[in-house]
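Colleague: From first to last, the protein sequence lines are chains W and E. Quick note: the first sequence uses our numbering, first residue 1, plus one each step. Quick note: the second sequence uses our numbering, first residue 1001, plus one each step.
The hints are simulated quantities; they were obtained by calculation from the structure and are not laboratory data. Take the hints with a grain of salt, since some may be wrong.
Facing chain E, from chain W, some residues (calculated, C-beta under 7 Å) [unchecked claim]:
1) G12
2) N54
3) R55
4) Q69
5) S71
6) P127
7) G317
8) A340
9) K395
10) V398
Here a beta-carbon is modelled for each residue, glycine too, at the ideal position from N, C-alpha and C.
Protein chains: 2
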Amino acid sequence: MSTIDDVRECQGGVTLARGFTAGGIYCGIRKAKKDLAIIRSDKPAAVAAVFTQNRTQAAPVLVDKIQLQRSSVCSAIVVNSGNANACTGERGLNDAWDMVKATARALALPEDQVMVSSTGVIGQYLPMEKVLTGIVELVPRLSGSGGQDAAEAIMTTDTYRKESAVQFTLGRSVVTIGGMAKGSGMIAPNMATMLAFITTDAVIGRPLLQKALNRANRHSFNRITVDGDMSTNDTAVVLANGAAGNGAFGEQSEEFQLFCAALEYVMIKLAKMIARDGEGATKLIEVCVKGAKTETEAEAVARSVANSNLVKTAVHGNDANWGRIMAAVGYSGADVDPDAVEIRFNELPVLNRGYEIVLDEKKAAEALAGEQVMIVVDLNRGKEEARFWTCDLTKEYVHINASYRS
Amino acid sequence: MSTIDDVRECQGGVTLARGFTAGGIYCGIRKAKKDLAIIRSDKPAAVAAVFTQNRTQAAPVLVDKIQLQRSSVCSAIVVNSGNANACTGERGLNDAWDMVKATARALALPEDQVMVSSTGVIGQYLPMEKVLTGIVELVPRLSGSGGQDAAEAIMTTDTYRKESAVQFTLGRSVVTIGGMAKGSGMIAPNMATMLAFITTDAVIGRPLLQKALNRANRHSFNRITVDGDMSTNDTAVVLANGAAGNGAFGEQSEEFQLFCAALEYVMIKLAKMIARDGEGATKLIEVCVKGAKTETEAEAVARSVANSNLVKTAVHGNDANWGRIMAAVGYSGADVDPDAVEIRFNELPVLNRGYEIVLDEKKAAEALAGEQVMIVVDLNRGKEEARFWTCDLTKEYVHINASYRS
């Protein structure tokens, strides 16, 4: 049987899978930084998507939801950074539709096969003349090596490009899944201020693709938090254009399990990159909750710890303040027995059952000093677990967010 | 009918009401700062209390809950700062009981009439020799003018003492309610890392006193947030010793309404002082949500906005980033219509219905530059409202919490 071990990690992003082109340029929304991207599939691709659960939804999210009802395939996605086109009312909706129409026209596609995403400042209107001119300029430049430019163009306060890709074999066909994402503030579970676009050449129908996305999303983008603020624009889209020519498979098949594992691999990698690149962050924190009765319980505790400003500032200061972790476990809403809880930093035991404190301050500070810190919380009441990723909370976060718009 | 207008604000704290003494000294838990306080009632007082809802509860909280079952009256409360005696297991429980016993012995009180509170670092054992010596030293110094020393002794990272008091007339008796509190990090609704002790000379039975406390608590200590982290030690206690000699009153009486209003006044004042003095804070932010269908809905939206790191950093930077407020409204869980929402800073309209942006950046920056900022969110769907208090999020918060233990 195929397993995740059959999945090979590769260099590349949204243009690694066959039949996809992309590009990214500067159109003038931001100051001297690429701000407009397009991803194109040669053939209409099966499409699946998940969106923010915020009641305040940005115009492009509202437009995409309509597009997904109008058409079961998608051939292009246009994305801008620098402006979220959120809280912009009727005018913002018209602007999002105009981006769709302009992209469809420039690519000679049916309008219902184009999706749109935006990220950046909330509550300001898009400079549409620049955007529409940019779309016309960008289309001729789309190429099979344009994934990197596209990944750069969707960045906002991100400090590095986020791409991830894998290959694996389905029957006799090599299948590729590649993606790109952007973070970096307003990141919270369900989901984050994040955009992710994933392309694959797998042959897979839309309903199965959506199931695979939902499953992978639960373990990746819904498991990261930077500041607990849920965005208005969060979007993750997967396009599957079938260019790999693998045989069809059903939900119970080994092939589907492998596809899901591969998609999850790509998405978790992107999710961790987003968490590590949280605004002002200097460390990636992985919170691993074990010994829970249910995965939902493990998730609740992990989320609570990962969202704690006090835990995140303590990790920033290499301070083994496990008491703050216990406090966050306690207010997670999970029905835990504090007396049974064990805590470890990486492999180092800090607290054993019955509040037996085994903290070696020096070793703990060393464990926390790394760029990747794992906080293990064992609830000792079951066999389920969940992982959550976040970053430390720093003065730089405050600096960035006290003056983001200026 | 008596109203809140009949309530006079006074200088003073826990020793303003008749029949209460208090004091605070340095016993050696902290570095060169008062760290031990006792409040004493001459006569056994009716007692009401509310505690943290964190599953991880500190030893003194567990002890107090037992004390409240053992006795319906309380004559003294002993409090230390510098060490929370939380996550300290069996040994911590014994230490809390030893504080109770030592205080009872020194004051010649039945053990079940003494309560105990602790605040400070989690997960470290109390230096009991110092604490017990301190109790014996402090008891002879308790006095009717010792409220201020007590208020200083319970401070942790608080930058100022928090006291509040009122007087009003019930029948022919002048009744006093006075209190003290400490904040300042790990402040979250339901409740905060906060301790509050309130004394009154009113004649009021324990069941009514508890009802009054619950009601006032909902509108005060449960409406403040600094960092969303709920503490293990939160405690608010009210003692009513009856020294004012007013006539008894029932739940439906005007007198009870007045007592509740007065208690709420004192507690809201303390709550706002805690929010304003949040770690690293430079401003008090009041979030006022209007036009909700229910108070619970208004509370949910106000909590969401007040807890948003992004809103709090924006206010810190005098940045009129109302989009972040809309995002927080959207993820509050309340069933709001974003299109109907209006936002004002103090009296200044920023957003009208239908996303009509009426923001004057210059005026808005001025409104945000004050030491007190009111964010008004009108949901335009009902008549209920709720207020929440918080502070701005600053680099100093990170600084304090990245090295709190050292």
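Colleague: Quick one, is the V398 (chain W) hint okay against chain E at 7 Å, beta carbons?
Modeller: It holds, given that the least Cβ distance between V398 (chain W) and chain E is near 5 Å, below 7 Å.
Colleague: Once the shortest beta carbon distance from R55 (chain W) to chain E is found, is it less than 7 Å?
Modeller: holds (4 Å)
Colleague: Take the shortest C-beta to C-beta distance between N54 (chain W) and chain E; is it under 7 Å?
Modeller: Where the cut-off is 7 Å and the nearest Cβ of chain E is about 4 Å from N54 (chain W), the hint holds.
Colleague: Quick check on G317 (chain W) please, does its C-beta sit within 7 Å of some C-beta on chain E?
Modeller: Since the shortest Cβ distance to chain E is 3 Å, the answer is holds.
Colleague: Under the criterion of a CB-CB separation shorter than 7 Å, is G12 (chain W) in contact with chain E as hinted?
Modeller: At 33 Å from the nearest chain E Cβ, G12 (chain W) fails the 7 Å test, so the hint is violated.
Colleague: Next item in the hint list is S71 (chain W). Is there a CB on chain E closer than 7 Å to its CB?
Modeller: violated (27 Å)
Colleague: Go through the hint on Q69 (chain W) and say holds or violated, using the shortest Cβ distance to chain E against 7 Å.
Modeller: violated (21 Å)
Colleague: Do the numbers back the hint for P127 (chain W), that is, is its least Cβ distance to chain E under 7 Å?
Modeller: violated (16 Å)
Colleague: Are A340 (chain W) and chain E close enough, Cβ to Cβ, to be under 7 Å, as the hint says?
Modeller: Hint on A340 (chain W): violated, closest Cβ of chain E at ~11 Å, above 7 Å.
Colleague: Take the shortest C-beta to C-beta distance between K395 (chain W) and chain E; is it under 7 Å?
Modeller: holds (4 Å)
The structure shown violates the earlier hints numbered 1, 4, 5, 6 and 8.
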